[in-house]
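Enquirer: Residue-level listing of the chains:
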Amino acid sequence: MFDLEKAVRAWVRELRSNPSLEEASITELEESLRDDVQGLVESGLSEEQAFRQVTAEMGRPEDIGAEFHRASASGRSSGWARRFMPALARDYIRVAVRKFESQKFGSLINLTGLAAVLAVCILISLWVRDELSYDKFLVNRDRLYLLTIEHPNGILDPNVPYALAPALTRDYPEIQLFTRIYDLGALATCSFSYQPENGPKVMAYEDSVNLVDPGFFSMFSFPFVSGDPATALGSPNAVVIRDEAARRYFGDGDPVGRRLTFNNRRDLVVTGVMHIARNAHIRPDFVIPLSDPLSGDWNWRDPSYILLDPSASLPSFREKIEGSLKTYMPQPLPGTFKVGLLPVTKVHLGFGGLTYVNVFSLIAVIILAIACVNYINLATARAGSRSREVGLRKVMGAGRTQLVQQFIGEALVTTALAFVLALGLVVLLLPFLNRLTGKALSLSSGIDPLFAAYLLGLVVLVGVAAGSYPAFFLSARRPVEAFRTVAGFRSKRSAFRVVSVVGQFAISAMLIACTLSVFRQLQFVRNRPLGLVADQVLKVRYNPSLLRHFESFKQDLLQNPRVLNVTRSQAVPFDEDYKTGGVEWDGKDPALMPLVRYSLMDVDLFETFGMEFAAGRGFSAAEAGDRLNYVINEKAAAYMGLNEPVGARLKLWGQEGRIIGVVKDFHHVSLHREILPQVFTINPRFTANAIRFIFIKVVPAGLAPTLRAVRDTAAKYAPDYPFEAAFLDKGAASLYGSEKRLGSIFTAFALLAVIISCLGILGLAAYSVEQRTKEIGVRKVLGSTVPAIVARISRPFWFWILAANLLAWPFAYFAMRKWLRAFAYRTDLDFGLFVMAGLLTGIAAALPVVYQSLKAALADPIKALRYE
Amino acid sequence: MISKNLVAASTKPIILALLYKEESYGYQILQRIRRVTGGKLAWSSAMLYPFLQRLEKEGFVKSKWKISGTGRMRKYYVITERGRKECVAEKERWLSVHDALQSFWAAAESSD
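Just so you know, the sequences run in chain order A and B.
In terms of the numbering used here, the first sequence opens at residue 3 and continues consecutively.
In terms of the numbering used here, the second sequence opens at residue 9 and continues consecutively.
Okay, chain A solo, but in the shape it has when bound (with noise of 0.2 angstroms):
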């Protein structure tokens, strides 16, 4: 018996099993369905006949759910995908991080990769800022000005003759003030001592001590601790100290007032403790007013600085002073010596720190740029396994924007990740980089709003950039095409991955073969025989009391028998570089403006040094003579042009005196340097008040004993001076400095750009791989090994390496060329160092290349095959 209310309950069962029906609806059907059968029934049908009519006629219950599913579609507006749904956005946090689960391996490399190029910019742009930022506290920075000397070589001079400055001002009213920096620590032994009421003298020596103008501190707006900047010069005996080296003497005690005695013999009060932040380009320990108005001295040895009117027209002034060094100097230098000016702004990276600057910033965004391409590459190249995903999301009705939304979400929170390591990073890489650069950079000291702002726009340039390629290129897949083969992604874009991963071992290659060229010339100069010995030769500061009595503290040294010569000078031999003009020769060109290093020292030196003679001798005590004689070197012999040198007549400053020998050339420790004609004296007018250090050579057994004795001796002719010594190839060593500091930053670059690199390369050796799933499938099961798989796989990369080194390889030699160039001395280029770059970049690649291949050489062919 048919019973029409269980039909009925069954047929809303059905309805109900449907999604796309909402309960009213399906209520509503009911009803009608109902009225329906109601009306067939009245019309004279079975309860049966007329529920069979019906339900017909409505079709079954996925049709109605399908024509309800429709209606409903396409009633929705389109505005209706763009809705930000949080409940979708945890769900995105969700497949993130899964995905980054499922492909660990891939992801923290890419990570880290993204995380080191971060902080390396990160890094960069402290460094940059910081050397952008230089000076710019100065209240008076618009106006003040370092006067520049060009030479008619095209060299940018910072110093100037002490006399320009002072006649410039008396004659253009446009200079309001100028001061001259007179390094007086540079020339001469520079000693303070304080006298406590209570307590023990404290004494050092201080090497930076200048001499300034009264002007100084109206040009110069250091901020004061104590004192007043306006007065504080006003006496000749006044001192300033900048607050760490006060700290030395007064402790944490206020200075001002204070008597603090220079070299033992003149009293110095205490006006002022300055404080100069560390971005100032010049900063003095000691300044000193500058008694001498040196108006009649055009020589050329410290900076001098001017303050301009604010009324002066710039462009105008420069012209009427550009000549100015013809029309001032007694005897006018020959060629066109041009005077100009350098904001103050510009002066620590107006002579050649800017190129650096540029470098970096080049630097910094050739990395961010690769670590981009990189996330890009490695994003696309897993865009098959996320094909499904995407194709599912877009059948459940995604739109684009909320695809795209979502990818670049992803690498958003990838760069923001990497952003927190790499402020890790960075605050474990700052140390490194203050000793590397001298500086103190901090990153918490660092941040300002805009640096934090603007290390918020790199992460969101550096998520986007990385992010929008990967999010369109996924997200403009027709659904239908994402479910089918992961070949449908086989595309020509695989052209942008080879360049840019040849581009990136181009790169590396290159930073190989100049890190390699850096080292090679670094051992070159260390390995090079310098023509003297600096080896166990103590190098003393020398004092005015020494100077009393150096010949009976020489003597009472050489009575011990580890002490093998003692001897004083200006300077170390192989690091000074001072030079003058002030020679005239038998047979010189009246027009030649010579210019020749000198040596202001003692008998004994070359012996100490044991330098060798080409010709004649050296200066001796026994002969009184020889404070008017002169040694040079084999250059100044060929440079002078005499033949016969020994015995020629030589004038130095004026002073005339005859050539006695000719020391063999010798190298300065920094091979920068070339050899010049030099010549050396003992001449006690030069001599006496240029002097400061005492070199002894000393037996290598026994040097603490030594060192004792000589620190015992010297107690005892100078007891109100502090003992300093040191021994020299410690010294020497530090005289590498600046080369070795280049290594280490090529090095760490060159690091970075092969991690960097390999990543590139990863990315593209699993695209590669994926790519070829089936056939390797395929091979494996018809028997292929795994190395031949391997070897399969991996060939086309080695021809990508090859092409990026042959690519590399010019850019190398013409920068390496150039960097060595400024070496007077220095190494070939050796072919053999690009092979070596070549070689690493290939084993560096290898290790992906092979890591993929043999991963999807020893996977299950089974497997293979079935991915679809």
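By construction, these hints were calculated from the structure, which means they are not laboratory data.
Glycine included, C-beta positions come from ideal geometry on N, C-alpha and C.
Treat each hint with caution, since some may be false.
Unchecked claim - Quick list of simulated restraints, FRET-style, between CB atoms: (1) B/I10 <-> A/S19: 47 to 53 angstroms; (2) A/V466 <-> B/V96: 32 to 38 angstroms; (3) B/P21 <-> A/R72: 17 to 23 angstroms; (4) B/R80 <-> A/V466: 48 to 54 angstroms; (5) A/R11 <-> B/V96: 39 to 45 angstroms.
Claimed, not checked - Covered stretches of chain A, as calculated for chain B (at least 3 residues, CB under 8 angstroms): (6) 30-42; (7) 59-68.
Assemble the complex: chain A is given as a structure, and chain B must be docked to it using the hints.
Expert: Frame of chain A; chain B shown alone:
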């Protein structure tokens, strides 16, 4: 037999016109269409209800539930102001099509 496309196209103006004067519910609408057209327009409830839902989403009609005398739930559809405007607009559209057809047919007949 009227084609499916034409039926689909005419659904909206017919329902809006039907609801113009008074509210109605699904079964009643079907019955009235059947009566007025003499069964020439083949409508099924499976087609009508989704369409009513769509009209509601588009804001041309509103719906409310009422309990009938027999205690049954009925969903009544009421035309909105927007629906009335749409109804007038639809009428104009259909009339212009109608006019066009008329004149073409007149021309066709006169040329015979």
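Enquirer: Each hint needs a verdict: does it hold in this structure or not?
Expert: Structure-based check of all given hints:
{"no.": "1", "hint": "B/I10 <-> A/S19: 47 to 53 angstroms", "verdict": "violated, 33 angstroms"}
{"no.": "2", "hint": "A/V466 <-> B/V96: 32 to 38 angstroms", "verdict": "violated, 50 angstroms"}
{"no.": "3", "hint": "B/P21 <-> A/R72: 17 to 23 angstroms", "verdict": "holds, 20 angstroms"}
{"no.": "4", "hint": "B/R80 <-> A/V466: 48 to 54 angstroms", "verdict": "violated, 59 angstroms"}
{"no.": "5", "hint": "A/R11 <-> B/V96: 39 to 45 angstroms", "verdict": "holds, 44 angstroms"}
{"no.": "6", "hint": "30-42", "verdict": "holds (count 9)"}
{"no.": "7", "hint": "59-68", "verdict": "holds (count 5)"}
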